[in-house]
Amino acid sequence: DEASVRAFTQVYFAGAGLEPKVEHHTAHGRSDLEVKVNNRHWILEFKVSRDQENPDQKLEEAVEQLKLKGYGDDSSSENLIKVALVFSLEERKFIRWKEV
Numbered sequence: 003d004e005a006s007v008r009a010f011t012q013v014y015f016a017g018a019g020l021e022p023k024v025e026h027h028t029a030h031g032r033s034d035l036e037v038k039v040n041n042r043h044w045i046l047e048f049k050v051s052r053d054q055e056n057p058d059q060k061l062e063e064a065v066e067q068l069k070l071k072g073y074g075d076d077s078s079s080e081n082l083i084k085v086a087l088v089f090s091l092e093e094r095k096f097i098r099w100k101e102v
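All residue numbers for the sequence shown refer to our numbering, where the first residue is 3 and numbers rise by one.
Among these hints, one or two may not hold up.
Said to hold, decoys possible - Calculated pairs, EDC-like style, for lysine to aspartate or glutamate (alpha carbon to alpha carbon, straight line, at most 20 Å):
1) 23 - 75
2) 95 - 53
3) 38 - 53
4) 95 - 63
5) 100 - 66
6) 38 - 76
7) 95 - 4
8) 23 - 93
9) 23 - 3
10) 23 - 80
11) 38 - 75
Stated by the list, open to error - Taking CB as the label site, the calculated pair distances span:
12) 5 - 56: 19 to 27 Å
13) 38 - 100: 15 to 23 Å
14) 30 - 92: 30 to 38 Å
Source of the hints: derived by calculation from the structure; they are not laboratory data. Think of the CB as a built atom: it goes at the ideal place given N, C-alpha and C, for glycine as much as any other residue.
Using the sequences and the hints, build the whole thing.
This is the structure in structure tokens:
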């Protein structure tokens with residue numbers, strides 16, 4: 003599920019010596035995962051594709067959520083990077099991603 007994918011990614015970033023923020027609260031909702039790397043502020047929105055679900059549709063859902071919720075728009079970071087990602091449970095890997 004989405005929480006497991008987010009948790010795994012969080013552990014991966016933490017293991018790399020970074021400080022990821024999970025479900026960072028904003029006025030419009032909660033982003034899945036945020037992490038600052040040097041002067042870049044990454045905001046990641048995860049969706050999970052199950053058996054017969056269309057991964058392209060899941061990617062569009064994540065893109066729309068990033069746009070509508072405005073995650074990171076209040077950030078003073080110069081290099082704000084928003085990425086929508088789709089993880090396939092069947093293939094056990096990220097199969098779609100898009101910078102927003």
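Against the structure, the hints:
1. At most 20 Å may separate the alpha-carbon atoms for a hinted pair to count; residue 23 and residue 75 meet this at roughly 16 Å.
2. Between residue 95 and residue 53, the direct Cα distance comes to roughly 13 Å. Compliance with the 20 Å bound is thereby established for this hinted pair.
3. At roughly 33 Å between alpha-carbon atoms, residue 38 and residue 53 are farther apart than 20 Å, so this suggested pair is violated.
4. Pair hint residue 95 plus residue 63 holds up; C-alpha atoms about 18 Å apart against a cutoff of 20 Å.
5. A distance of roughly 11 Å separates the Cα atoms of residue 100 and residue 66; the hinted pair therefore holds under the 20 Å criterion.
6. Of the supplied pair hints, the one linking residue 38 and residue 76 holds, its CA atoms being roughly 15 Å apart against a limit of 20 Å.
7. As the CA atoms of residue 95 and residue 4 are separated by approximately 12 Å, the hinted pair is consistent with the 20 Å bound.
8. For a cut-off of 20 Å, the pair hint linking residue 23 to residue 93 is broken: about 27 Å separates their Cα positions.
9. Proposed proximity of residue 23 and residue 3 is supported: the alpha carbons are some 19 Å apart, at most 20 Å.
10. Of the pairs offered as hints, the one joining residue 23 and residue 80 holds, with about 18 Å between alpha carbons and a cut-off of 20 Å not exceeded.
11. A threshold of 20 Å between alpha carbons decides the hint, and for residue 38 with residue 75 the separation of about 15 Å falls inside it, so the pair holds.
12. The given range of 19 to 27 Å is respected by residue 5 and residue 56, whose C-beta atoms sit roughly 21 Å from each other.
13. At roughly 21 Å, the beta carbons of residue 38 and residue 100 sit within the given window of 15 to 23 Å.
14. For residue 30 and residue 92, the hinted distance range of 30 to 38 Å is satisfied, since their beta carbons lie about 32 Å from each other.
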